[in-house]
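S.K.: Read off the chains here:
Protein chains: 2
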Amino acid sequence: MAVARRLAVLGVGLIGGSLARALRRAEAVGEIVGCGRDPAHLARAVELGVVDRAETDPAAAVAGADLVVLAVPLGAMRAVLAAAAPALAADAVVTDVGSAKASVIADARAVFGRIPRWFVPGHPIAGTERSGVEAAFAELFEDHRVLLTPVAETDPAAVERVRRMWEAAGAVVETMEVAHHDAVLAATSHLPHMLAYALVDALARLEGHEEIFRYAAGGFRDFTRIASSDPVMWHDICLANREALLGMLRRFQADLARLADAVEAGDGETLLATFRRAKAARDAHVLGRGGG
Amino acid sequence: MAVARRLAVLGVGLIGGSLARALRRAEAVGEIVGCGRDPAHLARAVELGVVDRAETDPAAAVAGADLVVLAVPLGAMRAVLAAAAPALAADAVVTDVGSAKASVIADARAVFGRIPRWFVPGHPIAGTERSGVEAAFAELFEDHRVLLTPVAETDPAAVERVRRMWEAAGAVVETMEVAHHDAVLAATSHLPHMLAYALVDALARLEGHEEIFRYAAGGFRDFTRIASSDPVMWHDICLANREALLGMLRRFQADLARLADAVEAGDGETLLATFRRAKAARDAHVLGRGGG
Ligand SMILES: NC(=O)c1ccc[n+]([C@@H]2O[C@H](COP(=O)([O-])OP(=O)(O)OC[C@H]3O[C@@H](n4cnc5c(N)ncnc54)[C@H](OP(=O)(O)O)[C@@H]3O)[C@@H](O)[C@H]2O)c1
Ligand SMILES: NC(=O)c1ccc[n+]([C@@H]2O[C@H](COP(=O)([O-])OP(=O)(O)OC[C@H]3O[C@@H](n4cnc5c(N)ncnc54)[C@H](OP(=O)(O)O)[C@@H]3O)[C@@H](O)[C@H]2O)c1
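Chains as they are written, first to last, in the working numbering: chain A, 36 to 327; chain B, 36 to 327.
Only part of the chain B face toward chain A is listed, based on derived beta-carbon distances under 8 Å:
#1 Ala237
#2 Asp257
#3 Ser263
#4 Leu291
#5 Arg317
So the derived list for chain A, only partly shown, Cβ under 10 Å to chain B, looks like this:
#6 Ala161
#7 Gly162
#8 Thr163
#9 Ala218
#10 Ser224
#11 Asp236
#12 Ile247
#13 Leu280
No lab work stands behind these hints, which were simulated from the structure alone.
Remember, predicted model here, so these are calculated numbers, not experimental data.
Idealized CB from N, CA, C, for every residue including glycine.
Build the full structure now, drawing on both the sequences and the hints.
M.R.: Here it is in structure tokens:
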């Protein structure tokens, strides 16, 4: 089932590259044009068969495309969209994959003076801590959720096309209100990344940190896996979703202070009650959805 | 190579059960006697072939044993050791597997009025978030470190016997100073567990938390895996290693406050620098030691 004659993927990294691979495998698109800054990365994307051809100029990449996916870091969305804007085809639907949504919507408004009806903000809830086209694989989105956050201005027909694109990539599509998306992702993704980065950095700054890391077991490796994620991308996310993230951070700081006070006071009841609630919640809502 | 004629394992759960299984597989012990509170758990341990026979009374379990392993939660160490004490054989070496060491040493001193020369404090750096004898498996300690923390009073010959026991189970044994052990483990294990529990509990207390967990991706599952660990065991660890844990917690709180302030101020430089240091440290010291 064709979802596009010509697909332009702006940013052929983990997410853009994986989407291109998935749609190619599903035979859902005619031609795929990639775009990025580094010609060497693009050459590799062509070599790997991820895209058919590549352009470093966003305008050249989107010319003649009926479906455009913005898959650059959040901090680059506005500039890339602005560069592509003059060359967008009249029938083109544009979507993005950014991990925060209010900021991308603000970018679209800044570039076009309003939210275009053919612009569909989106976010695949899938990823790994790796980045770049070499890390891309066709199965990344299979049975994963994609959240679309259309606004009042958005054309339902455009939402439908983007939904079909993600379904062709094996994903399960849902729609969600923008602010709700940003709050939920701050809680389940952005705050955990901050904590993992902060913990590893705190340990790295301890005296004798090389020895300390040597005694880290499997639990530590899993817990800190997300601290191997791309720093630029996460810096962008933290700034783009600043308000929602800050709300969760401040709440977590207060909770952690209460827990630290309980440790200090030897208040075993508070510790046990907290740990029990947490285990019960994780076992009920997270466990069993693949791999413990 | 025999490391014991008769081994008594007090607490036949994940750690005690796995050690029993590993030593049995290595044909390193004659008889294995298990001990616990719940006869049903013990019956299961016999049924699974983890122990040869079982006792609910620690004194009965250690009678005639030349090697005794304390593998109960930290909060139970003192009582179990006191119950076993009158029946300990003259040639018996006693070791433990507790995740914090100063507290167990204090327990031994409380029970015997001094640190017995045949008591060897130890800690295998291996585990999973599961517990109980059903979760035990012989390979748990293979190529994992075991830290022994002998004190001035400890007989080197006793340390040597415990070392041989762990090596027979496939582990790599090192010795470490008690306070250093407790500080290192507070950093790499106890603090991460507190953070994982605190995060899951914070999310579980949000309105609409069931929906929120639904949008958690693989990164969240890995990050929170340790929050599925046994609450009682971790409550014990937090209280037993209170001082070292509190030191790390207070330090982390200060670091997190700085990071939150950077988010609030839109200070991208601080965020980027922190994330970069963390990724570099994890990639250098943790990655590549199995599974990313
Ligand atoms: N990774 C995840 O887990 C995940 C999950 C869901 C959503 N997302 C979102 O997906 C987007 C991409 O993330 P990713 O993980 O795919 O990152 P990535 O692997 O680093 O890919 C980003 C790509 O964008 C290109 N790029 C970067 N800056 C650019 C610019 N200024 N102009 C044009 N191209 C640029 C890069 O190529 P060049 O270096 O050659 O320019 C790179 O190939 C982000 O918005 C992120 O928030 C990520
Ligand atoms: N899990 C890890 O990742 C890990 C790693 C390294 C070290 N450790 C340490 O290993 C020890 C055991 O942990 P585990 O993970 O093996 O826990 P576990 O699976 O829950 O096993 C503990 C065993 O001790 C018995 N027990 C509990 N309280 C007792 C008491 N008061 N008297 C006698 N027996 C008692 C329990 O059996 P009944 O319920 O039948 O009494 C249970 O089988 C702890 O000290 C922990 O700090 C754990």
